[in-house]
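Per this note's numbering, the very first residue in the sequence shown carries number 2; after that it's consecutive.
A couple of the hints might just be wrong.
As the list claims (entries may be wrong) - Taking lysine to any residue and the SDA-like style, the derived pairs with C-alpha atoms no more than 20 Å apart in a straight line are:
#, residue 1, residue 2
1, K113, H92
2, K23, R44
3, K115, G134
4, K115, L98
5, K105, L117
6, K105, H92
7, K23, D33
8, K71, L42
9, K115, E83
10, K23, S37
11, K105, K71
12, K73, E83
13, K73, E52
14, K71, L98
15, K113, F86
16, K105, F86
17, K115, F86
18, K113, K73
19, K23, E52
20, K113, N143
Derived from the structure by calculation, the hints contain no laboratory data.
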Amino acid sequence: IHDGMSNLQSSTQIRPVRYSSKQVNSTDIFTDAVESDVTILQRQAFFRLLEPTLRPDHELDGMLYFPIAKIKRNTAGEYEFESGFVPPILHVHSAELLVNNIKKLLSVIRAKVKSLQANNRELDQQLVEFRSGDLVSFWLTNS
């Protein structure tokens, strides 16, 4: 709630605000009083385009901005979603680009582990030869 500003939606207000009032039927859980209507504030969410010159990490008009997509203009002059943008997500599988990047990273790590393990030579079944760089390879493989 901001001082000096209207935080509650009214019928004459054009500018979007953070809350709207709502009547709910409520019971008193501590006494045997009858049910009554209580006015509560309900948070409102709305979509708003952010100007390209403004930075979303600053507080703007007392609102919080949460990027859900980036829009760009293609060569034909039409608007399209930017494919490289990954919005804040709760689950990794929500963004296909992120899943593909993680799969690529895991395959690179697996290949590196195999190459580090291939450097260790076994002379006998009970004897393993270690070189000076093998300690670093061990920690890179097992960390």
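Hint by hint, where does the structure go against what was stated? Just the numbers, ascending. 1, 4, 7, 8, 9, 11, 15, 17, 18 and 19
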